[in-house]
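In order, the protein sequence lines correspond to chains A and B. Be aware that the first sequence starts at 1, since it is given in our numbering, and climbs by one per residue. Be aware that the second sequence starts at 148, since it is given in our numbering, and climbs by one per residue.
For lysine-lysine, the following PhoX-like pairs were computed, each having C-alpha atoms within a straight-line distance of at most 25 Å:
hint : chain 1 : residue 1 : chain 2 : residue 2
1    : B       : Lys-248   : A       : Lys-33
2    : B       : Lys-451   : A       : Lys-55
3    : B       : Lys-489   : B       : Lys-504
It should be emphasised that the hints constitute simulated quantities derived from the structure, not laboratory data.
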Amino acid sequence: MRTFQGRVIAPGTVTAPALVSHGGLNTLASFQKALQFGDKKATCGDQNNPDLYGKEMLGKALCLPQTIGSTTGGMVLYCACAMHRQPACLLFSKPIDSLAAAGSVLASVWLPDAQMPVIDSLGQEFLDYVQEGMTITVHADGSVDVD
Amino acid sequence: MYLTEEQQALLDGAKGETMAKVMKTLVMYGSAFGAERMVPVSSRYNHLVTSFGLKMMTPVFDLMDQLIQAGAVSGQPFSVDPRPLDPKVPANFLQKLVFNKFMYSAQENYEQQLQKLGLMDEDAFTCACYFDEVGNRPGKDEVLSWAESSAVVYANSVLGARCNRNSGIVDLMGSIAGFVPEFGLLTDEGRKAAWLVEVKTTHKPEAQLLGSAIGMKVMEDVPYVVGLDQWLGDSLTDDVCAYLKDFGAATASNGAVGLYHVENLTPEAVDQGRSLLAEGYQTYVIDDAELERVQKSYPVVWKKADAAPKLCFVGCPHLSLQQLQRWTADLERELAASGARKVAVPTVFTTAPGVKKVFDATADAQKLRAMGVIVSTICPLMYMNNPLCGSMPVITCSNKLRTYSTARYYREDEILKILTKGGR
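Please put together the full structure from these sequences, using the hints given.
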């Protein structure tokens, strides 16, 4: 097991299996079909993301460098949280981008029952180390155990 | 973060709980990026990304109802992205049923919400709000609270305004509060380039292909592009602005670029030159082979890769008046050369409502109609955003549309050939 230290963007603790995207997560492309057409497991619909395409994101510890693409991204994350189709947590190797930050903050402020801890700045080593299916534990201080 | 007395009072609930939440959202958003203060939004108009009454957006509509009921409406009139529906765009019975009864059943109600929140006018639905015919064109150094990635990157890069890549909802909240957290592209430091991109092609590179290559390489960083002025010149003509619009949209959708500089052309590059390059910048060289590699890397996600295209979209982002005129002339010439009168694939050109009004009054509009091309104000991305249309073989020269849908990308010269010669 290894532990990585990050920065807390949205607080919380959780244990979940890892799902890893080595490229940027295009939030709109990844979530839009799942949210629009009742896929409760939030299957990733982004054809340009070979790491995630066709995989269920609901309840997974989503490990990624950053999000990219449309500026609807934060709003889409907000909707995913409101509809309870969000990943268990978002774990960024890089400092968080503006769209993911917006989604995380909107959910945190406007959805009192939303549970999606968000940690950033975990480092490239974290993303190199973590593999799909590993068990992730997020602690309140922003430390992340990878087992 | 330092807050003024007025800002602190808002956060403490002096104007109610909803306004306090708006303020808290902006403070937390800025804090994530180390913002030390708020700065006033100085543009006349805002631009919002959310134009569609998609059923999945119900949580957003609920939030907007909260804002309206609390009187927390936009301090600026705003434009918004294109409408998702247009009865003139080809769709079969089932598609129309899905559009109107399931997907966009909230469209009418949502547009009423937008009017209450501060929509500029009923024609203010376009992703290219900065066109003269639309009128939402900020000046240099103005601070914006915009969203819509293609509009933000254009405003920053071509107009020299200052705007972060805000998300939907946050865009509106900056306008409601009247200020935004100062970080990233609002600061001089944040506008420095982390990449030097050297364009060494043997011909003028396709805007949406070049933008795609750069977006995928630099992701959210700022690129400083050299060598492009040899193809574009050193003046922001209508033709050049249209090129930069398409180029920027591809950098923003294939990556997350919010600002680019083009040497000797875009305003900050003209003023500051290579001093815009940040210490330790990286270099990316783009030649013909690199563009070919990038284009070949796009996945083809049609069920049958060799299917005949059933629909073609041109205009994501929306076409300028000059682009509509150029496409009309190109189609007219190539159809005549082919001995054909109409395009070989049902084709939709998309543009802003204000541009369409001007274009419709010209002879070119009649020519396009005669050639079988539909001019619409729809958002092609929203049209494609469902399994029925997603399973159709649709072609486009928009790299943004390719990224967010199953549409297959071709360069403009390839699209022209397909439309006029029936090739694939």
